[in-house]
Amino acid sequence: MAETSIKASEYEALRNNPYLRRGRLLSVVMRGILFACAALSVAITAAIIWVLVSESWIFFKQVPLLAFLTDTHWTPVFTDAHYGILPLLTATFWAAGIAMAVATPLGLALSIYLSEFARPNLRETLKPILEMLAAVPTVVFGYFALLFLTPLARQFIPGLSGFNLLVPGFVMGIMILPYIVSISEDAMRAVPMSLREGAFALGMSRWRMSMTVIIPAAFSGVTAAFLLGFARAVGETMVVAIAAGQNPNLTADPREGAATITAYIVQMSLGDLPHGSLAYSTIFAAGLVLFLITLAFNVIGFFLRKRFREAY
Amino acid sequence: MRTPATARAQVKDLNFWYGKFQALKNINMDIADRRVTAIIGASGCGKSTLLRCFNRIHDLYPGVRYEGAINLQPDGLNLVDKGVDPILVRLLVSMVFQKPNPFPKSIFENVAAGLHVRGIRNKTELEGRVEKALRQAALWDEVKDRLDKSAMELSGGQQQRLCIARALAPEPKLLLLDEPTSALDPIATAKIEELIDTLVHDVTVLIVTHNMAQAARISHYTAFMHLGDLIEFGETQQLFTNPRLGQTQDYITGRFG
Chain A
1 MAETSIKASE YEALRNNPYL RRGRLLSVVM RGILFACAAL SVAITAAIIW
51 VLVSESWIFF KQVPLLAFLT DTHWTPVFTD AHYGILPLLT ATFWAAGIAM
101 AVATPLGLAL SIYLSEFARP NLRETLKPIL EMLAAVPTVV FGYFALLFLT
151 PLARQFIPGL SGFNLLVPGF VMGIMILPYI VSISEDAMRA VPMSLREGAF
201 ALGMSRWRMS MTVIIPAAFS GVTAAFLLGF ARAVGETMVV AIAAGQNPNL
251 TADPREGAAT ITAYIVQMSL GDLPHGSLAY STIFAAGLVL FLITLAFNVI
301 GFFLRKRFRE AY
Chain B
1001 MRTPATARAQ VKDLNFWYGK FQALKNINMD IADRRVTAII GASGCGKSTL
1051 LRCFNRIHDL YPGVRYEGAI NLQPDGLNLV DKGVDPILVR LLVSMVFQKP
1101 NPFPKSIFEN VAAGLHVRGI RNKTELEGRV EKALRQAALW DEVKDRLDKS
1151 AMELSGGQQQ RLCIARALAP EPKLLLLDEP TSALDPIATA KIEELIDTLV
1201 HDVTVLIVTH NMAQAARISH YTAFMHLGDL IEFGETQQLF TNPRLGQTQD
1251 YITGRFG
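In the order they appear, the protein sequences are chains A and B. Numbering-wise (our numbering), the first sequence opens with residue 1 and increments by one. Numbering-wise (our numbering), the second sequence opens with residue 1001 and increments by one.
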């Protein structure tokens, strides 16, 4: 660009205006502070991963990866020590899977009902009540499962143990419902009214419109909601630690009790394991597995959302 | 006919690129002081692009490049010079957009927003200048009893006049209007056209419009653009009744092609 002089007096006056000067300075300072906050959260995540990986490294130096993945027993503190993650992993997936089996149909039904069918008054009443569910401490859910629902369920389900995967899985499904409904209902309601009008103008019923227009249009948000719910169920600790028992148990029967990864970590952290021992490092190996599972679901969610993102 | 005006801004050899695409080619024109200059042309001709150079709003997006000059008189400040801070340019040049975009605040706070930016906090001064701007925008009588009500409660036409008041309150050197009535009904449009006519006592107006009748009605000068070129520029009356070029003739008579 040609050299042009910036001599204009009014511009100079604006440039030297102390108030505007402070404003510009503030903007620069705030940019720095905001960047620092963003960098801090990235750094903390990196530090957590570093601790997980480096402590797990100690574990995997002594336990071969193959044994970790294929051994069917998890007995790190026994004299006959086995380090197979499978019992913890299956219990985790049983509990989270049962939770999703409960939360998926209920969550979809609730979000469609709230977003498309419920009158505004009813929606404004129902949503806060549902969201109150999220305010219940998870430890309350845990004891609710152990002391109320399990005895009740044992009258109907023969062979149900006092500690089992079925009831805490069910309770977790109810527990994650508000998160799922809140996000997926928002996604459905964000579908522009013009699409609804277009669907109704073709003579569609409300139900058909929901199925053929709203759900596809809101697909990315709805998927994100359910993946987030699943990640929460996998990482949930209190309910399963209280109501599913603390006994590593490779089982195909959810009526039995079995320790999940999170329940095991709680149990071990409460004990007095010598720092640096192999049993101590199992906590981190188990934690790393948990982290990888939730990471995998986040990545799947990310790509699904990119793939199905509808822009309006 | 008004007396001939001096130039408020001079566009000199202005070129503009979105990435590799050249959207403006060697534009030269003078913007007359306290007059309405209209820019017309088909969609994609670069008329909005040209308008948006005047307040550097393009700078919000990556990959844009200016060459040449828009000299704001009387000081001759080149608005598109790299060394000129776009934020300060916007303190000198106000803009009103196609769709009314009031902030989710009260009517008063909307008009005062540009004054707050400049550090004006004195209550009496704020009230005086908000009233003056609302009067200039022909909105005062409709809103004077509910200045603390949300701007979102106003009708579309009122919202657009509020946006004009918001742009006028800091007393800009230049007021840019980007198709300000295309989202409005004919009555609201008529009100805004009327108001533009009174505005030119105080401020220089540059307006982009799709509506040729509107350009003919409200502007003193008209620029006709096509594919990034300024085809013809002159007094509105002359351009619409006796254009120099056949291409202009075709466009204004609707035989565009």
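No lab work stands behind these hints, which were simulated from the structure alone. Hints should not be assumed to be uniformly reliable.
[What the hints assert, rightly or not] In silico DSSO-like pairs for lysine-lysine, Cα to Cα no more than 30 Å straight-line: (1) K1012/B <-> K127/A; (2) K1082/B <-> K306/A; (3) K1082/B <-> K1123/B; (4) K1173/B <-> K1082/B; (5) K1105/B <-> K1173/B; (6) K1025/B <-> K1012/B.
[As the list claims (entries may be wrong)] Computed list of chain B residues with no C-beta within reach of chain A, every gap over 12 Å: (7) F1021; (8) D1030; (9) Y1061; (10) P1074; (11) D1075; (12) L1077; (13) N1078; (14) D1085; (15) V1117; (16) G1119; (17) T1124; (18) R1129; (19) R1135; (20) G1246.
For each residue, glycine too, the CB sits at the ideal point set by N, CA and C.
Which of the listed hints are not met by the structure? Failing hints, ascending: 1, 2, 3, 10, 11, 12, 13, 14, 15, 16.
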